[in-house]
Every structure is written in C-alpha cells, then in structure tokens.
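Those protein sequences? They're chains F and P, same order as listed.
Heads up, the first sequence is in the working numbering, so the first residue is 1449 and it goes up one at a time.
Heads up, the second sequence is in the working numbering, so the first residue is 47 and it goes up one at a time.
Simulated from the structure, these hints should not be mistaken for lab results.
Be careful, since some hints might not be right.
[Stated by the list, open to error] For the chain P half of the interface with chain F, some residues (derived, Cβ under 7 Å), not all of them: (1) Phe-85; (2) Pro-86; (3) Ser-89; (4) Gly-107; (5) Val-108; (6) Gly-155.
[Stated by the list, open to error] These stretches of chain F come out as covered by chain P in the derived footprint (C-beta under 8 Å, 3 or more residues): (7) 1490-1499; (8) 1549-1559.
No residue lacks a Cβ here, since even glycine has one placed at the ideal position from N, Cα and C.
Each chain, written out:
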Amino acid sequence: AQSVAQPEDQVNVAEGNPLTVKCTYSVSGNPYLFWYVQYPNRGLQFLLKYITGDNLVKGSYGFEAEFNKSQTSFHLKKPSALVSDSALYFCAVRGSGGSYIPTFGRGTSLIVHP
Amino acid sequence: GAVVSQHPSRVICKSGTSVKIECRSLDFQATTMFWYRQFPKQSLMLMATSNEGSKATYEQGVEKDKFLINHASLTLSTLTVTSAHPEDSSFYICSARDPTGVDYEQYFGPGTRLTVT
C-alpha cells in the first residue's frame, strides 16, 4: 500500500521569507512524487514531479522540491514567498509499477502574510 | 499542458433530483478518467476510475447506483448523482490520464461545486 503524510495542516510565512511544505511517503518500489496546488473553488494545478534523476526538482512559479530517499521525503520549497502563493498544497505518490493511481496527502494550507 | 474541462462549474439542485457533471479532455484522448470528491478543507477522495468503453471501477464505500459514471468516448466522462441528498453536496473534481504522456500524468478539471437543497 502507498501513503502520503503531510504533517502540517497549515503553514504560515511572511512574504519574502523562504517557505517549506513537508511531505513524507511510503510506497513499494521507486516512487513517483508530485506536488499540486489548489486555489479556492478550483481544481488542482500541477507544480512539479520527481520521477528519476536529480534529487532537486524545479517546478512552476519558482517552487522546487527535494527528493530524499533515506528520509522518504519530498518537501516543497520556495526561496521567497509571495502573498499570491497562499493556497492549498497537495503531495501525491505512486509506485513505479502496479497501480498508476496516485495517493494524495491531506493537503497543507499555506498562508503568506504581507 | 493538457486541458481538462468540467461542466457545470457550479450547480444547485433540489433534494431527490439527479444532476449530471461532464468531464472532457480537450486536447488529448483519455482512456482513463478519475472522479474525486473533496470535502471542505480535506483531501481528495477517489470515488471511481472510469475506463472508456467499460464499466467504472468504484472505490470501497462509494454507491454505484447513486453515482453513475459513463465514459462513452475517449474525451468525455460523465458523473450523474441520482436522487441527490443534501449530504451529497460537495466539490467534485475529475482528472484524465494522458496515455501518451511519459509518466502517465493526470490532468485535473477545475471542479464542480454541487449544492443540494
């Protein structure tokens, strides 16, 4: 079985400061990892993914995520937060084999204060 | 990237009536589509996997007769909520898998807000 944990329901950060949204996972085989962002009353927008290769993945809107195999983590980061980054962020994982259906974390609400 | 649309974006219906939600892949053929339900401040709950030309696969606990899914073409899947009740009020999101994509990526629709009065 595969699972995702986003330990923080909410992350608060001041505009201009770096932000981190945490994600840990459990999956059989090599992980395919994804981050999505959701704005109010909207669907999910893809931010970035890790399939293979460099552990540091760069995505949309200046976000990046670091894959850490030993810690089974895939934390989302941004060097300088914007108020417009305030949204709900979901981490997702699926295994490289078997079911291609990803499992989503519960989501983390990011609030960036002016 | 690929685009998935949903219609309507928002619907209000009376208790006991049925409502249909459409999900379309606009620029690719989706052999597989997924229907999710999202409660306020909660994660996505996968309801069913819809495969073109065959019956949908429902997740445990999802009523097949209440949430009818039809995937009649490679670009359209529909979710019909039958005999709707206020507890069916929720945000419904569909996604479509691009089979030609390198990593079987899923593309999400904008969601449909259903309110049952």
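Going down the list of hints, with the structure as the test:
no.: 1; hint: Phe-85; verdict: 11 Å, violated
no.: 2; hint: Pro-86; verdict: 11 Å, violated
no.: 3; hint: Ser-89; verdict: 4 Å, holds
no.: 4; hint: Gly-107; verdict: 16 Å, violated
no.: 5; hint: Val-108; verdict: 14 Å, violated
no.: 6; hint: Gly-155; verdict: 5 Å, holds
no.: 7; hint: 1490-1499; verdict: holds (count 7)
no.: 8; hint: 1549-1559; verdict: holds (count 7)
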